[in-house]
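Asker: Residue strings, one per chain:
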Amino acid sequence: MTASDREFLKIADITKTYGVVKALTGVSFSIRRGEIHTVLGENGAGKSTLMKIIGGETGPDSGEITLDGRRIEHFSPAAAHALGIHMVHQELAVFENLTVAENIFPYHNFKKGGRIDYARLHEETRNKLNLFGLKTIKPEETLGSVTLAGQQMVEILRSIVAEPKVIILDEPTSGLNDHEADLLLNILKRLKGEGLTIIYISHRFKEIMRISDRITVLRDGEFVATLENTPDLAESELINNMVGRDLSASLYQIKTVANTSPDAPVLLEVKGLAKRNALNPTDLSLAAGEILGVFGLEGSGASRLSRMMYGLEGKDEGEIAIKGKRFPKVNPRLMVAERVMYLNNNRKIAGLLPELPVTDNLSLPVLRRFSRFLGFLNLKAIARLATDFIKAFAIALPSLSTRPANLSGGNQQKVMLSICLVPEPEILIVNEPTRGIDVGAKTEIHKFLLDIASKGVGIVIFSSELPELMSLSDRILVMRENSIVDEVKAGDYTEQTIMRYAAVGSAEPEGE
Amino acid sequence: MLGRLARKNESVSFALCAALVAALSIASDVFYTRANLNSLQASIAPTAIMAFGMMICLICGYFDLSIGSIMLLAGLLSGKFNDWGFSTPWIVLCVLVAGLLAGCLNGLLVAVLKINALIATIGVQYIGYGFAMTLWDRNMQHRKFPADFIAMGDGQFLGMYYMIWVMLAILAGFSFFLKYSSSGRRLYYVGGNREASRLIGFNDRRIIFLCYAVTGLLAALAGVLAVARIQSPTQYMGGGVHMTCMIACVIGGGSFAGGKGSAVGAALGVAFMSLLTNMFNLLEMNTQLQNVVVGLTLIAVIVIDGYLNLKKMRAMGKI
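One line per chain: the protein sequences are L and C, in this order. Sequential numbering from -15 applies to the first sequence in my numbering. Sequential numbering from 214 applies to the second sequence in my numbering.
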């Protein structure tokens, strides 16, 4: 193998920052010509950002990428296509209104006498579909009436007919069942045989071990290792590389003893909550003063569980009991009335009114409490309330009328959490409470959550940051493939055990 | 075979038109008279020409509320150019250029400056209307157009007005464009999934710009033909025609969500609207009820379409 084959796609010292968050820090590694190279890492490890850079959807802050010895100068999808790099997204980028054939060949030039030759287009499409064993999909049918798996295949085929040199697949099997995934993996092996270089992102260890030639692990935006996928490679080695942080030196104090007393009353119970293709029947219970962590990799169903618990997303079955009161159906309004609050995971989309003063934001859930005769608001009382929270949270604010849009991410997050606390909830469901904020704000939010838990508030934390969960939670539920697969109690926490449950679903290494 | 026909988007409008024609043949003895057929033609042709423009915007996922104003502007500009002594070809050419420019303004606002289509085209609607009305004066309707100008509206070939032939030619052209040309198909990609069309490298903004430009041009053409037919411009031309076109397109298989629709559908939708008006006139029904029927039909078409879609999605287990 020549040097240019060994370093076919060379990623050199790539750094990318979003605000205060370093998505990638000096990442360097190389991808060989004609290999299947998996990039592995926790949520937020930087995989997606790196793929977006290679696929030309965003540029790096520094560092460079070379393909076949030529440095990539311009980062745009069109430029990437011109170089022969195609990316297949996790969210399907397909045209449901058009036929399968038109989805596979958007740039076709099958014409006869100046008009599109549909017979030829369908014939060519049929050949491609047959080549990949997709005989059940018809070229002339509308893509909208094809199964999700079929749509995924069609999108991959669209990239392949452009005869790329490199194809990036971001979790292509996440919407597929085992049989469909199997079919796809065989197709990838065949494409590799034809000389295509494939970058593969997945959380499914079995798949990764089956098709990868090499595996690169990223952690917290940094390169950890590139491993050869030899028969000796053990899952545990991958998991150790994915986690393997030196926690003794970090800001996190791993909880070793649960703080909850065994006779604390149960506040919240979820019974048999389920939704087809989204969540398998799930139970959980939360006691007063308890902090319950929920951990899962992307696509594990964890974030969906949080939304379904709060009635933000519909369910097929199951019920929720709050302090013994059973509710077959919940919605956010009812949850607030029952003093359950929810912290949204994305402050940009929901959770704040970025263009209204902080005071208005804070008083929003409890406006009625401040309304007096004829509904006029007691503005002084609102200002007092806001001042209290700003002090308690150490929110850095120029004045009460400052708008959250002008605050840093950390302060926005504090305002958002304050909004949840204003109605004095007994139960708090928080989703990624410290995503994308600086260390100082993070520590303060952690302290605050521990503090309100000690006062009897029950908290469910959904987080993709394992050390955070381990330092806050009394118990951690681990989710994988839409189910809770295990519960780990404080004292038994190690990143390796939890990650193993999340990644492969069993405590003992398979086949060792 | 029948099932496949029923799933064609144009089938609903075709069935509606057929039903109206059948009803009118039975219930009215003047439906087939020369005069009535002539007036139907004159009502269908300009509206359908504008509806083709609306349809290409809808396919891209957009719409144009300014076409009525552009039609009015075109009509009054023809009068003005006539006053200035332009010959017929020059009148037509200058008016079409004006329509094209107005369409480009829409395209600039929506595709380049990314202003919401509702705001942008309402803005142009008002600009166009206001500007047009500065051209209007009471005496305009008494001035004579040259004979060859009037012949454009009055002349017939094989029993049909020239404007119907123009409409049919555009229909044929657009049908070919939308079904058999690569550039025409791109409209469906952009309207079906704008983000994805950008990811595969289509220049979505250029496509949308061009659709608006062509729509302006067609609205101006409709304006000229309508003036030639009635032989004098009036200030009432084009009033509400943007809604008529939009409703006709949706009945004819277009969608505000974008990604679907056809030229035949647009023509059938317009034919339905004109036949309905014709029915209310001929049968001397309360014309106010006509709006009720249009509204109900529109909603029924959308609800049925949505329901069928929902059923399909459920059957596939997508929701």
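Treat the hints as calculated values from the structure; they're not laboratory data. There's no promise every hint is true.
[What the hints assert, rightly or not] Here are a few chain L residues that face chain C, going by a calculated C-beta distance under 8 Å:
#, residue
1, Glu57
2, His65
3, Leu67
4, Gly68
5, Gln74
6, Glu86
7, Pro90
8, Ala334
9, Leu348
[Said to hold, decoys possible] Covered, in the sense of this in silico footprint (three residues per stretch, anywhere, with C-beta under 8 Å from a C-beta of chain L), are these stretches of chain C:
#, stretch
10, 389 to 397
11, 412 to 425
Every residue gets a Cβ at the ideal spot worked out from N, C-alpha and C, and that includes glycine.
Asker: With reference to the structure, classify each hint as holding or not holding.
Answerer: Structure-based check of all given hints:
no. : hint       : verdict
1   : Glu57      : 18 Å, violated
2   : His65      : 6 Å, holds
3   : Leu67      : 13 Å, violated
4   : Gly68      : 13 Å, violated
5   : Gln74      : 13 Å, violated
6   : Glu86      : 7 Å, holds
7   : Pro90      : 5 Å, holds
8   : Ala334     : 21 Å, violated
9   : Leu348     : 27 Å, violated
10  : 389 to 397 : holds (count 5)
11  : 412 to 425 : holds (count 4)
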